[in-house]
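Please construct the entire structure, taking both the sequences and the accompanying hints into account.
One-letter residues, chain by chain:
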Amino acid sequence: MNQIRLVDTTAFRLAMRYAGFVCLLTIACFAVIYWVTISQLQTQIDAGLRAETAALTRLYGLKGISGLRQTIAALSTTKGMAASDSGDAGPRQYLLTDSHYASLAGSLSKWPESISGVGMAWVTPRIKAQHKQPGLDTEHHHFELRAVAVTLPGDYHLLVGQSLDELTELRNTILALTIAAVLLVLIAGFVGGALVGRSVVRRLQAVMHTADTIMAGDLTQRIPEEHRRDEFDALASKLNAMLTRIEQLMKSTREVTENVAHDLRSPLTRLRGRAEMALMKNADAVRQREALQKAIEETDGIVATLNAILSIAQIESGARREWTAVDMTAVCHDAADLYEALAEEKGIHFTTGISEAVTIRGNRQLISQAIGNLLDNAIKYTPAGGAVSLTLVKQDKGVVVSVNDNGPGIPAELRERALQRFVRLDVSRSQPGNGLGLSLAKAVAEQHNTVLSLDDNRPGLRISLSFPPITA
Amino acid sequence: MQLLIIEDDAETAAYLMKGLQESGHVAEHAATGPDGLQQAQAFGYDALIVDRMLPGLDGLSLVRELRSTGNTTPVLFLTALADVDDRVIGLQNGGDDYLAKPFAFAELLARVQVIARRRAAPAPEMTLRVADLEMDRLKRSVKRTGQSIALQAREFRLLEYLMLHVGQVVTRTMLLEQVWGYHFDPQTNVIDVHMSRLRTKIDKHSAQPLIHTIRGAGYCLREP
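Chains A and B supply the protein sequences, listed in that same order.
Going from the first sequence to my numbering is simple: count from 1 and add 113.
Going from the second sequence to my numbering is simple: count from 1 and add 2.
Think of the hints as simulated: they come from the structure by calculation, not from any bench.
A few of these clues could be false.
Claimed, not checked - Simulated crosslink set (DSSO-like; lysine-lysine; CA at most 27 Å straight-line):
id	chain 1	residue 1	chain 2	residue 2
1	B	K203	A	K493
2	B	K141	B	K103
3	A	K407	B	K103
4	A	K407	B	K20
5	A	K407	A	K394
6	A	K351	A	K364
7	A	K176	A	K223
8	B	K206	A	K459
9	A	K459	A	K493
10	B	K206	B	K141
11	B	K206	B	K145
12	A	K459	B	K103
These figures come from a predicted structure and were not determined experimentally.
In structure tokens, the structure reads:
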């Protein structure tokens, strides 16, 4: 399903839908223009016809029927020519009849049946032209007239008509324009939609291609970003960040599995050894008891290591994010309170510098555990007579917790390594512990978007956790 | 004590039964959720030891069900899920305490005794007395044979917890949870250091020590 047909793309469908909408709008626009123009033209024609009829009626009053006949005869041959030359209202048609509707003069051969001779009537009859007119193809051409009929004193009937060719022409023009505009919109929509659709498809196919590669097992693949700062780049960068996170998690899971396998092997071997010792033939009751006691201690150690590995993995996977406001002052006092006794027992001078009323957002248990581990390490590695201190400082940039000692410290080149899981620097091999304390502190730090930094305390080690300030 | 173990793993159940009986308690066993619920409702036990994962009816639902019928028998949850979140969920659903597998038997016994007696014990008084040791919880003062003993705040809470559970074994983990509010293993023997300090202040000048170390379990404050 990797191939997307162009016509199926959202962009194309939207473009076509929009083009259809614009077409309807265009048609509506032209319809309004047509209606307004035609009705105005009709009003003009009607007014012209009325004026002419009135003029001819006045002429009849002045010059009688013979004068009118002459005028109409003249108009029937000349007026039409002149009008169609000037190209405005089109040729006029006239008919003057007696009381029996027999033609006396005019360009029309016969009184149109649809007009009764009495009063005024507005119709659009179809009648035959008697005289050959410019602009009319044949003598027997059917054309539309807008006509007005009056009955003159003496029972003469007069009809003045106006050809509506102009209107028809205008109508055709507007219709042609409308069709052209609609076609143009449709073509533009089609081409535009296809172009946009193609570019969208191209960029999405890059995403799908990456997804395919990743599904095939290559987790290092990333979606190419085009640096246009558009929504696709935003999506790509988010997806890439997600992929990086997934890769990290996969890696961390793999590491955990490997570490569990590796690091539990030796305590399990020892456990097995103890059990075998208890079963040895020459073991007396006291030795058996001792061996079993050791076996239990070994088991506890294994469980503790397992718990530490799991809790680091859990923290790194982003679980346990139930954050609350944490009173860091209290957390530090509690931790100091717990470990101070340990330090004194070892003959280490323990001091604190804890600022009042410092609050951050986080997980209290995890932060306590991280600080506890740092203090534990510091006390463990500082020789008797040394000094360890815990400080909590609120700065503009955030809250900094530091555990400082004047013990042997960690050489700069080994600091990065010291943060790795299970790594126990040579000096620490003789000390009890599973090598996970610092890893856990680091995992907690990362979960809290915090940096765990190791610095030279000249002499000794200074480990700091810098929490970002609360953004309420 | 009369105890009911609701646990589907036969081996674990047998080990718990044996241990509890050797400690002088009467223990019964139910292997499924529905059986456990029925037994717990039918007999008045002093405490229930309930596994979280049970066939038929899981431990959480079982305890919820039990509580909805007004049964207040103390419950200790037993689980392979050692998460802090799981602990909170367990306590929210009517559990009184929570213990992750694998555990030391001494830890389980100490916790069961504490939750079982919590129910029976009358409301704690403001003045606690164990032999010639006296604690005024209001004035926050401690005296041994009339001699005032100066304790730091945390030492006071440690002693208070021990005196409230006089005669009972309290484990290091329990102290860490109850006195410090920490739900994690602090790697080293910090609790032992604190206990030895407290011991120095309480027992040093007396012929009869009150605080005793229980090997493989924890500590106990008891009348001589």
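Cross-check of the supplied hints:
1. B/K203 - A/K493: holds (26 Å)
2. B/K141 - B/K103: With Cα atoms ~41 Å apart, B/K141 and B/K103 exceed 27 Å; violated.
3. A/K407 - B/K103: Status holds; Cα separation ~19 Å.
4. A/K407 - B/K20: holds (22 Å)
5. A/K407 - A/K394: holds (18 Å)
6. A/K351 - A/K364: holds (20 Å)
7. A/K176 - A/K223: Holds. A/K176 to A/K223 sits at ~24 Å (cutoff 27 Å).
8. B/K206 - A/K459: holds (20 Å)
9. A/K459 - A/K493: holds (9 Å)
10. B/K206 - B/K141: holds (23 Å)
11. B/K206 - B/K145: holds (13 Å)
12. A/K459 - B/K103: violated (33 Å)
Figure legend: structure checked against the earlier numbered hints; hints not met, in rising order: 2 and 12.
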